[in-house]
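Order-wise, the sequence lines are chains A and B. Quick note: the first sequence uses my numbering, first residue 66, plus one each step. Quick note: the second sequence uses my numbering, first residue 9, plus one each step.
A hint or two may mislead.
Per label pair, the in silico range of CB-to-CB distance [unchecked claim]: (1) A/G67 x B/E52: 49 to 55 Å; (2) A/E152 x B/E115: 52 to 58 Å; (3) B/W74 x A/E152: 45 to 51 Å; (4) A/R167 x B/R489: 55 to 61 Å; (5) A/G131 x B/Q263: 19 to 25 Å; (6) A/G67 x B/R489: 38 to 44 Å; (7) B/E416 x A/G131: 37 to 43 Å; (8) B/D399 x A/D97: 48 to 54 Å; (9) B/D382 x A/E323: 33 to 39 Å; (10) B/S475 x A/V68: 43 to 49 Å.
Here chain B is said to cover these stretches of chain A; the calculated rule only asks that three of the stretch's residues, wherever they fall, bring their Cβ under 8 Å from a Cβ of chain B [what the hints assert, rightly or not]: (11) 257-270; (12) 317-327; (13) 374-381; (14) 394-400.
Facing chain B, according to a computed beta carbon distance under 7 Å, are these residues of chain A, among others [what the hints assert, rightly or not]: (15) R205; (16) S221; (17) S223; (18) K282; (19) E283.
Treat the hints as calculated values from the structure; they're not laboratory data. Positions of the beta carbon are idealized from the N, C-alpha and C atoms, including for glycine.
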Amino acid sequence: MGVFQSYRLRLQRKRWRIRAIRKRGELKRVADRTSQIRPDDLLLFCTQRNEGVRLPYFLDYYREMGVGHFFFVDNDSTDGSADYLAEQPDVSVWSTRAGYKRARFGMDWLNYLLMKYAHGHWALTVDPDEFLVYPFCDTRPLRALTDWLDASSIKSFSAMLLDMYPKGRIDEQPYYAGQNPIEIASWFDSGNYTMSRNPLFTNLWIQGGPRARMFFKETPEKAPALNKVPLVKWDKRYAYVSSTHMLLPRGLNQVYDEWGGEKASGALLHTKFIDTFGAKAEEELVRGQHYAGSVEYIAYAQELRENPQLWCKWSERYINWRQLEILGLMSKGNWA
Amino acid sequence: MTVGIVMLVHTALGRAEQVARHWAAAGCPVVIHVDKSVPRKTYEGFVDSLGTLRDISFCDRYRCEWGTWGIVAASQSASEQMLARHPEVRHVYLASGSCLPLRPVEELIDYLDDRPHTDFIESATTADVPWTVGGLDAERFTLRFPVSWKRNRYLFDKIVDIQRRLKLHRDMPNGIVPHMGSQWWCLSRRTLSAILQDPERPTYDKFFRHVWIPDESYFQTLARQYATRIESRSLTLSKFDFQGKPHIFYEDHLQLLRRSDCFVARKIWPHADRLYDAFLTDVAGAMKRTEPNPGKIDRIFSKAVERRTRGRSGLYMQSRFPNEDWENGVTAAPYSMFQGFSELFEDFEQWLGKATNARVHGHLFAKDRVHYADGQTALNGALSDSATLRDYNSKAFLTNLIWNTRGERQCFQFGPADNQEVNWRIARDPNAQVSVITGAWAVPLFRSNLDFAEIRRIAAGLQKIESDHMDILRSPYTKARVRIWTMAEFIEAPMEPLQGILDEIGRTNLRRLAEAPKMVDLAGFGQFLQNLKNQGMHPYLMGDFPVERNVSEPAKTPRKPYLVR
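Please work from the sequences and hints to get the whole structure.
Set out below in structure tokens:
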């Protein structure tokens with residue numbers, strides 16, 4: 066790494082941080098319970114818009130895992146979800162009516178909250194439709210993982226995005242509040258992921274899965290990125306660069322081994338494709354607030370109109386983390 | 009006679025208290041050393057919580073930083089206090105705050121009573137054991153380490169570097185032989201007091217103060233001076249990972265720990281309530297004796313080390329992305345690539361499938377789409393048959409395919425008309441078995457109905473591509489098992505090469521090859537090649553194909569399959 070390049074990245078990191086601070090004015094405090102946070106609490110950061118139906122299960126899932134405090138940025142919801150969140154005893158809520166896209170898909174807001182509240186904590190940054198799975202998550206709480214990462218001097222933990230989908234039409238089974246979405250979207254692609262190394266940020270760029278297979282057959286380079294680093298021992302100098310796909314300083318992106326070994330990693334079960342998806346996609350087409358001109362949503366809308374089925378004969382049904390480990394989608398590394 | 013417990017504590021004081029009470033309740037005196045970096049208030053609270061117990065005392069505090077002298081100083085001070093205050097103690101057991109007794113304390117006492125003069129300390133000469141991590145073994149003793157590795161890694165490395173360059177060297181005092189081993193020991197009063205009361209102790213202490221990680225060598229080395237019976241093993245179960253860090257035990261290890269034959273385990277995650285509940289309740293029922301099976305624990309942890317250092321070959325994923333040629337296995341399993349066979353034989357794919365039980369694909373890298381076996385449109389792992397998706401990262405396509413189908417041999421056809429991007433990847437893969445009949449791509453052209461000018465153009469292109477590919481396969485970097493025949497050579501005696509290929513694939517259905525695939529009718533092929541030559545396009549990859557061959561073999565009914573007995 067040249068001195069010049071490293072300096073350039075340093076400037077970029079500062080730019081993202083300054084931008085986050087500048088954008089703090091867009092956030093209006095709705096419920097502030099941050100005084101309850103204890104020094105070793107695990108924190109969760111999330112932006113949401115009209116995800117009311119998903120929130121009860123989401124909160125329960127992560128509470129059970131051991132998250133101590135939730136930070137939500139509510140982006141102009143109209144379904145009362147902001148009020149619901151504000152009532153929760155372990156949630157702090159900010160709201161904003163500003164553009165999601167102009168806040169770099171919410172990252173500026175979260176970078177600001179992370180900077181202000183997460184310094185010295187393990188911070189998990191996920192969307193309301195993402196569910197973290199890590200090695201031994203059925204027998205060990207998240208704190209066991211973060212304690213082990215601390216003891217191993219590891220600062221960031223990777224969890225690849227795994228798109229889940231139902232068998233049959235996406236809108237066939239209605240999702241009700243409090244339900245585990247994996248009950249509906251219980252299938253995934255096990256072995257069609259491709260990856261390459263990003264030379265500047267040193268992160269892996271992972272693509273593939275049902276979205277690449279169905280929506281980006283002709284333009285695979287546009288298929289969405291699936292690499293994520295959602296769990297970080299946060300320091301106020303850090304910044305997420307693009308969603309949770311990559312961070313600065315870039316050492317945090319070194320979540321993979323290059324000498325043939327396996328580092329420990331998890332998966333984010335992405336339950337976007339349930340019956341709520343159709344309405345969401347329609348709305349996003351109008352709002353145009355998503356990545357790369359909402360190209361994803363345009364492709365989905367077209368394809369799903371013709372053939373609203375992501376399932377195929379070789380789809381794999383989700384059982385547990387051990388299954389993902391055996392399939393090679395995640396790894397225990399040297400955690401035993 | 010009893011055993012005294014020296015406990016080194018720095019975090020999770022609540023757990024340490026719980027364990028200390030457990031020892032004391034069984035009649036073992038405990039001397040606790042609390043790291044000096046623990047705040048005074050926390051320390052005093054801890055002392056108060058245990059103050060009522062007569063058999064528990066606290067010794068002078070030292071700062072215990074990993075890899076430095078402080079831990080030895082703490083052990084010395086606590087041991088001295090133990091020996092002085094508790095004359096009934098015959099063995100001293102060094103434990104940490106995150107150690108957990110796995111068997112009833114009485115069993116440990118009885119065990120040691122049966123072996124009154126034995127010292128349990130893992131102690132091996134540095135020359136013979138490759139345990140150490142990080143490249144420092146003998147140098148731990150011969151160099152000096154004035155700065156902390158944890159806090160100042162850069163300076164630490166530099167100082168080591170400079171000493172190496174200047175060839176600085178320290179000699180062992182009094183010619184003692186350096187030994188190393190687990191830091192958790194159990195020494196008899198006789199040996200321990202001999203070490204602590206040795207008139208030469210200041211000399212040794214002075215020396216070991218600058219040794220790297222002295223807690224793994226001080227007692228281990230000096231015990232060899234005085235002990236009459238050393239059992240070179242630790243009574244504490246403790247597993248280390250590839251960086252030399254101890255593995256941590258969690259609640260889901262309960263059954264494993266029950267089956268260990270060790271007295272004490274380290275290190276326990278402080279929040280593993282079920283482990284503490286299970287092993288610290290003094291009801292005998294909770295410590296059900298099961299048949300010891302320590303091998304299982306060994307396997308689990310050595311597999312973890314292996315996974316972290318070598319990983320699963322042929323797997324490319326979010327946390328394993330080896331640089332090219334560092335991957336210990338490009339792909340997950342052996343596979344076979346055939347070039348020219350399905351052109352030369354009419355039913356080669358079906359025949360091969362029948363003869364070997366392998367999954368036989370068509371041209372996986374064809375330009376139009378991926379031709380999976382049996383005309384499927386997708387394969388294991390939901391691999392798509394789209395050529396665009398495949399070509400987006402054809403190397404990953406290949407490694408994914410082999411990974412997804414591990415357990416079943418994969419065979420596929422290849423040719424100069426296919427996407428050639430994977431050629432180097434396959435050539436450098438020791439798992440690849442590549443069989444090529446050069447020039448066989450001309451057969452479909454020969455049988456096609458195209459204009460001759462068109463044929464000439466295509467033939468020239470294919471010949472160029474195949475020739476480049478053969479250069480790759482013949483390069484010194486190639487690690488694949490490669491067999492190349494010219495077409496002329498191959499059709500002279502096709503059975504022998506086919507048998508060779510099948511033998512190498514193994515898992516054949518037949519012991520000897522009874523039925524050969526059916527070769528296409530080549531009558532007129534020599535003339536066809538001659539025509540190409542006449543047009544100025546010399547097809548040389550087929551080998552020597554005389555025009556006359558077909559003269560001597562006048563048109564006859566299609567060949568019957570070969571039969572070999």
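To see whether the hints hold, each was checked on the structure:
Our hint of 49 to 55 Å for A/G67 and B/E52 holds, since their Cβ atoms are close to 53 Å apart. Checking the proposed 52 to 58 Å range against A/E152 and B/E115 shows it holds: the Cβ atoms sit about 55 Å from each other. Roughly 46 Å separates the CB atoms of B/W74 and A/E152, a value that falls within the hinted 45 to 51 Å. Roughly 58 Å separates the CB atoms of A/R167 and B/R489, a value that falls within the hinted 55 to 61 Å.
Remark: the range hint 19 to 25 Å for A/G131 to B/Q263 is upheld by a beta-carbon distance near 23 Å. Checked against the hint of 38 to 44 Å, the pair A/G67 and B/R489 passes, with Cβ atoms roughly 42 Å apart. Judged by the Cβ atoms, the range 37 to 43 Å given for B/E416 and A/G131 holds: they are separated by roughly 41 Å. As the Cβ distance of B/D399 to A/D97 is approximately 52 Å, the hint placing it in 48 to 54 Å holds.
Between B/D382 and A/E323 the Cβ separation comes to about 38 Å, which falls inside the hinted range of 33 to 39 Å. Distance hint for B/S475 and A/V68: a CB-CB separation of about 46 Å, consistent with the stated range 43 to 49 Å. Three residues within the 8 Å Cβ limit are the bar, and the region 257-270 of chain A against chain B gives 7, so the coverage statement holds. With a threshold of 8 Å between beta carbons, the proposed coverage of the region 317-327 of chain A by chain B holds, since 8 of its residues qualify and at least three are required.
Under the rule that three or more residues need a Cβ within less than 8 Å of chain B, the assignment of the region 374-381 of chain A holds, with 5 such residues. For the region 394-400 of chain A, the stated coverage by chain B is satisfied: 7 residues place a CB nearer than 8 Å to a CB of that chain, which reaches the threshold of 3. Look at A/R205: its Cβ gets to within about 5 Å of chain B, closer than 7 Å, so that hint holds up. The restraint placing A/S221 at the interface with chain B is violated, with a minimum CB-CB distance near 11 Å, outside the 7 Å limit.
Proximity of A/S223 to chain B holds as hinted, the smallest CB-CB distance being about 5 Å (cut-off 7 Å). Satisfaction of the interface hint for A/K282 is found here, the shortest Cβ-Cβ separation to chain B being roughly 5 Å, below the 7 Å cut-off. Of the supplied interface hints, the one on A/E283 holds, with its beta-carbon coming within about 6 Å of a beta-carbon of chain B, less than 7 Å.
Hint 16 from the earlier list is the only one contradicted by this structure; the remaining hints agree with it.
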